[in-house]
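S.K.: Spelled out from the first residue to the last, the chains are:
Number of protein chains: 2
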Amino acid sequence: MKFDLKQSTEVLAQTPFTLQRMLEGLSPAWTATSGDKEDWGVYDIIGHLIHGEETDWIPRAEIILAQGENKTFVPFDRVAQFEGSNGRPLEELITEFSHLRNTNLEKLVRWELTPQQLDLKGIHPELGEVTLKQLLATWVVHDLNHVSQIARVLARKYESNVGVWKEYLSILN
Amino acid sequence: MKFDLKQSTEVLAQTPFTLQRMLEGLSPAWTATSGDKEDWGVYDIIGHLIHGEETDWIPRAEIILAQGENKTFVPFDRVAQFEGSNGRPLEELITEFSHLRNTNLEKLVRWELTPQQLDLKGIHPELGEVTLKQLLATWVVHDLNHVSQIARVLARKYESNVGVWKEYLSILN
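Chains as they are written, first to last, in my numbering: chain A, 1 to 173; chain B, 1 to 173.
Bear in mind the hints are in silico, worked out from the structure with no lab data behind them. No false leads were slipped in.
Restraint-style ranges between C-beta atoms, simulated for each label pair:
no.: 1; chain 1: B; residue 1: V79; chain 2: A; residue 2: S34; range: 31 to 39 Å
no.: 2; chain 1: B; residue 1: S34; chain 2: A; residue 2: S34; range: 29 to 37 Å
no.: 3; chain 1: A; residue 1: S34; chain 2: B; residue 2: Q117; range: 27 to 35 Å
no.: 4; chain 1: A; residue 1: L65; chain 2: B; residue 2: E62; range: 57 to 65 Å
no.: 5; chain 1: A; residue 1: L65; chain 2: B; residue 2: K6; range: 43 to 51 Å
no.: 6; chain 1: B; residue 1: K6; chain 2: A; residue 2: K121; range: 49 to 57 Å
no.: 7; chain 1: B; residue 1: T103; chain 2: A; residue 2: G84; range: 38 to 46 Å
no.: 8; chain 1: A; residue 1: G128; chain 2: B; residue 2: E159; range: 17 to 25 Å
no.: 9; chain 1: B; residue 1: K37; chain 2: A; residue 2: G84; range: 40 to 48 Å
no.: 10; chain 1: A; residue 1: E112; chain 2: B; residue 2: R110; range: 50 to 58 Å
no.: 11; chain 1: B; residue 1: D39; chain 2: A; residue 2: L105; range: 25 to 33 Å
no.: 12; chain 1: B; residue 1: D39; chain 2: A; residue 2: G35; range: 31 to 39 Å
Ideal Cβ positions, reconstructed from N, Cα and C, are used throughout, including at glycine.
All chains should be built: construct the whole structure from the sequences, respecting the hints.
M.R.: Here you go:
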């Protein structure tokens, strides 16, 4: 599938709704923070998505579009959520993520990006040169990565309950 | 996490809503059948979930609860959806899955299963002896497995667009 701005925003627009539906009504036994920066709980993943909306995708797109002297992105803090979320209820975090995502998508649509702009480049602090198009595609795949991760975190909590079926369940293997 | 009937139904009840939200508004380029029994598209995964509601979870629970002469489950057809779905729109399949899931969960709740019943056993045609509790836990993890699989199928469609970011995106690796 070739990169397409409209098809990218289709996925980006659904993610807050997907997470709301996936997680509403689940007991904290399913969704609580793990307290472990190396092995996140659902709560920690939502905090990470919020931090991405605030500091990653759109701010980096703005650096690329500005084409200023310094095109290097600010490094992203992958564990900021362990300080930032501070015991707020999960529903509140999901709502905050939804609002931030809406605001960011409105900005993206307002830009009316041209193919030329999508090919503009910035510098990732570790990976080097990247295009705006690649940044936006990565935003999409990053969402899907964390939806998949949430499903895996939930599934693993039931790992000891499935008995011999475990070998059929690739999410546990 | 120990098996808990209420906490299990929390996840089972959300899955149709999760899928609706995850997939509504996505172009067919994201969701179409792959036509490949070894490498399913999103459309094929939803067909598989429908077939599970019809022939797998509740029918097998009924075999266990009956404790009849023959406690062996009917083998599950993993590719039945390639014949069954016949080009119906994806939205229609998701709605059908939702209705089947609701009906099945109503039945499960009406049973008011006791701890003794949850420990009753049936025979899986390949895996051997399994308990009702394990069947129900597997139903939960199976849902999560396919939510995760859908995210992965979507992500892979954008694999060639993310450039050097690929190494950070575990869903592509």
